[in-house]
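Engineer: Going down the list, the protein sequences come from chains A and B. Residue numbering for the first sequence follows my numbering, starting at 1 and increasing by one per position. Residue numbering for the second sequence follows my numbering, starting at 1 and increasing by one per position.
Just so you know, these hints were derived from the structure itself, not from any lab. Treat the hints with caution; some may be incorrect.
[Stated by the list, open to error] Which chain B residues stay away from chain A? Per the calculated CB distances, all over 10 Å, these:
#, residue
1, Ser91
2, Phe92
3, Ile114
[Unchecked claim] Label pairs and their in silico Cβ distance ranges:
#, chain 1, residue 1, chain 2, residue 2, range
4, B, Ala109, A, Leu23, 14 to 24 Å
5, A, Leu23, B, Phe71, 25 to 35 Å
6, B, Leu153, A, Val92, 22 to 32 Å
7, A, Trp53, B, Gly134, 35 to 45 Å
8, B, Thr131, A, Arg85, 38 to 48 Å
Even for Gly, the Cβ is constructed at its ideal location relative to N, Cα and C.
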Amino acid sequence: MDTTAFVALLSSVLFTIGVLGVLLRRSALLIFMSVELMLNAANLAFVSFAHRWNQLDGQVIVFFVMAVAAAEVAVGLALIVTIFRTKRSTNVDELSALRG
Amino acid sequence: MADLIVLVLLGAVSVASALGLLLSRNAIYAALFLVLNFGVGAVIYLLLNAPFLAVVQVSVYAGAIMVLFLFVIMLLGAERLSPAEDPPGASFQRPLAIGLGAALLGLAAYVLFIRQPVAIAPATPIDSSPTAVGLALFGDYLFPFEVISVLLLVAMIGAVILTRDR
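For reference, chain B alone in the conformation it holds in the complex (with noise of 0.2 Å):
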């Protein structure tokens, strides 16, 4: 129950942070309230048993991609974002896109909530220290993981070759 209700103050910032996200005039500010946005994560994954991604959560997404958008951001100049005003003859996107978002709500709704899952017969908890996971990661996994790092190569040299001077 204490549980639910840490879960429920953190799901209301979670949730005003993306909207900060949606609706902020400025680059730096939107960015800013993604890495809000993934540090309340990284303290929700805490609480369902699960460290090791809170850690990495932190890390990698507040810390490593979230810098790298700001460098970029102000790399550029492009703190202010013109006022969104609507191209002409597309007046209709703003009411169609917030039908669809409610749509698209809706639907994930009806798929959790009224559909009745399967019963779940309750396991014993299980290790989830970053040892387990490094098992599982090295064990099971390793065959993606090694995919993984291959593609993290492919992207690091594309992005040096995207970027470079001609």
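Extracted from the complex, chain A is given alone in its bound form (with noise of 0.2 Å):
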């Protein structure tokens, strides 16, 4: 087994494990560091396949993702933020209401 084929193991492995997490987990700080885990999975993959493919491409898109996902977390936790400030609690259950 090379490196490449063993990078892109432990990405879908650790991919699982983040959807996992989103699909077993209440908190939704927790749903969202899943989220974060899966976009990590991700980006390892796309660094080993640039690396397998000698180009440069792959990696800039991983830079393009670390921004989304810096953008992606500032308003996420704003949101979260603001919830917990009406429903006092991070429970996704308890969040079913669609008005204030």
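Put the complex together from the two separate chains, hints included.
Structural biologist: In structure tokens form, the structure reads like this:
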């Protein structure tokens, strides 16, 4: 097994753990962290394939993914803080109403 | 070969910290497990000839993003996670989620390993120094780069408007 195959396998395992986190955890913060884990797994695959194909484009895409993740975290955490102010909870099972 | 041994060790730490994130009962511990995971990812980037991304991973992901997470967790006082009891009528969710996760992993392994990839002609190793990445960013990828900067500005304004006191 070469390094590309191993990192691809590691990436799919990490992505699956992230999916399980989104499906199993009830706290909005934990769900959000699991999404970050999935983004990171995708980045690992990008970098390993960029290494395999000897091209820089994969690394540039990872840079863009990181920038989008930063924007997403800023907005997402602002939403969580706002929801916590009204509901006093980050448990997604209690956030089923579509009004404030 | 030495690379692969180091990678296997790093991969074990990476998967263990991801499982720690999945199973921990305290949001602070979960965030710290994720920091460990991102740090291991940075070392893997170094092994894969991506030094610029390794530094960005540490400073942006493990630094800025996770500090924001820890800040919000402590600000809200949401460290203690309620024990994960299933809501009424949803006890099927946990086995279903584990089954779907196993199916996803199997699918990824099938696509990556069973279907044979096309043969790759070995190319000459490229220069992946920060200089080369910067030239690519401001050459071929100039327009996406500018779009990203607008996106970050929009996200910043959105976060300020969402959290301001009314």
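Engineer: Hint says 38 to 48 Å; check whether the CB-CB distance for Thr131(B) and Arg85(A) agrees.
Structural biologist: The hinted range 38 to 48 Å holds for Thr131(B) and Arg85(A), with Cβ atoms some 46 Å apart.
Engineer: 35 to 45 Å was suggested as the range; check whether the CB atoms of Trp53(A) and Gly134(B) agree with it.
Structural biologist: The hint (35 to 45 Å, Cβ to Cβ) is violated, given that Trp53(A) and Gly134(B) are roughly 20 Å apart.
Engineer: Minimum C-beta separation from Ile114(B) to chain A exceeding 10 Å: can you confirm that?
Structural biologist: Non-interface label stands for Ile114(B): nearest chain A Cβ at 12 Å, farther than 10 Å.
Engineer: Mind verifying the non-interface call on Ser91(B)? Its CB should be farther than 10 Å from each CB in chain A.
Structural biologist: Holds: least Cβ distance 13 Å, greater than 10 Å.
Engineer: How does the Cβ-Cβ distance of Leu153(B) and Val92(A) compare with 22 to 32 Å: does it lie in that range?
Structural biologist: Check passed, 29 Å falls within 22 to 32 Å.
Engineer: Does the Cβ-Cβ separation between Leu23(A) and Phe71(B) fall within 25 to 35 Å?
Structural biologist: 26 Å, holds
Engineer: Closest CB-CB distance from Phe92(B) to chain A, is it above 10 Å?
Structural biologist: 12 Å, holds
Engineer: Holds or violated: the 14 to 24 Å window for the beta-carbon distance between Ala109(B) and Leu23(A)?
Structural biologist: 19 Å, holds
When held up to the earlier numbered hints, the structure conflicts with hint 7 and nothing else.
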